[in-house]
Amino acid sequence: MATTEIARHLTVEGRDIALDPEGYLVELADWSPAVAERLAAEEGLTLVDEHWEVIEVLRDFYARFEQAPAMRPLVKAVGLALGPEKGRSIHLMRLFPGSPAKVAARLAGLPKPANCL
Amino acid sequence: MLLHILNRSPATSLVYRQALTAIGPEDRLLLIEDGVQGAMPQLVRHFEGLEGRLFALREDLASRGLEGHCDPAVQVVDVDGFVLLTEEADRTVSWY
Amino acid sequence: MSEESTRENVADLLVILRHGPHGSSWLREGLDAALVAAAFGRQVSLLFMGEAVTALVRGQQAGALGQKGTAATLEMLAMYDIDTLLVEAEALARFGLAEQDLMLPVNRLDAESLPRLPAEHRLVLTF
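Protein chains in written order, with this note's numbering: chain A, 1 to 117; chain H, 1 to 96; chain F, 1 to 127.
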């Protein structure tokens, strides 16, 4: 869940962006593609089209359901939006290594997924 | 067979009706905490149809001074009896 | 009934919801429990009993102080593969609700079939 505790700031395009202790945005409205790129760089990722389309799926998911998805529903949502080839956990693992549901939510500017270890 | 456990009095809460809605023909009902008020002769009619399958916890009756006010249709069990009922059931469902 | 025959058609978890939206956190907590179980691949059924049928009414909004409701979470259930939404038919009648008043398709359970449900699940949680 989104927390209000500010652990640190990023400066992106002249704006101070507050992050919570786990690196998620404190203000979801602070998100911009440039913010996503900075957060991705912290993960050692360079965002390409395949990342952006998943980020868009996540932002749509949040706009509709008011929650960030755990891994299973993320896989399902990606599959529904981008086709069955991409709706597979291996694809998401490759794009967002480690814990895709958490990493991708962070880059998409969403709170941490609630129902997720 | 499931053991349903109710801890609310039928005099103050309609939760007992939800329990009754979900109780199967073989299932048992155990009254605990304030639920034991339902074992009193004036209130036991709320549990019509559960003859032989209705239990109340002795400790909760005793602490409320209700042990002597228990309808004969209700089987009084102590904590060991509660454990036994739990063991005899496939699982338990709590109504609170 | 033998052990075997009782196991055959048994699903993992039945979450019984008994509270409406906004008045307390019960409904949200029940839904959260269902979502966690589903996120870990458990087969989950939801049963809306009593007042909880009002959680399915169309056109819900945020609370007076802007608190999130539960409607968006209910819409999300399908994404967690929670497709079994069961409703106590008697409760719908008591609240005067018809199926067109509800935001999601549901299975109505009459008083006769409802008691079979808890026995068909390995775990029953009431909220």
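Hints were generated in silico from the structure; no laboratory data involved. Incorrect hints may have been included.
What the hints assert, rightly or not - Straight line, CA to CA, 30 Å or less: simulated BS3-like cross-link-like pairs of lysine-lysine: (1) F:Lys-68 <-> A:Lys-112; (2) A:Lys-76 <-> F:Lys-68; (3) A:Lys-86 <-> A:Lys-112.
Just so we're clear, the structure is a prediction, and the values are computed from it rather than from any experiment.
Hinted pair A:Lys-86 and A:Lys-112, Cα distance within 30 Å: holds, 22 Å
Distance restraint between A:Lys-76 and F:Lys-68, which requires alpha-carbon spacing of 30 Å or less: Holds: A:Lys-76 and F:Lys-68 sit about 24 Å apart, inside 30 Å.
Holds or violated: F:Lys-68 to A:Lys-112, with C-alpha atoms at most 30 Å apart: The given pair, whose Cα atoms are some 17 Å apart, holds under the 30 Å limit.
Figure legend: structure checked against the earlier numbered hints; every hint is met.
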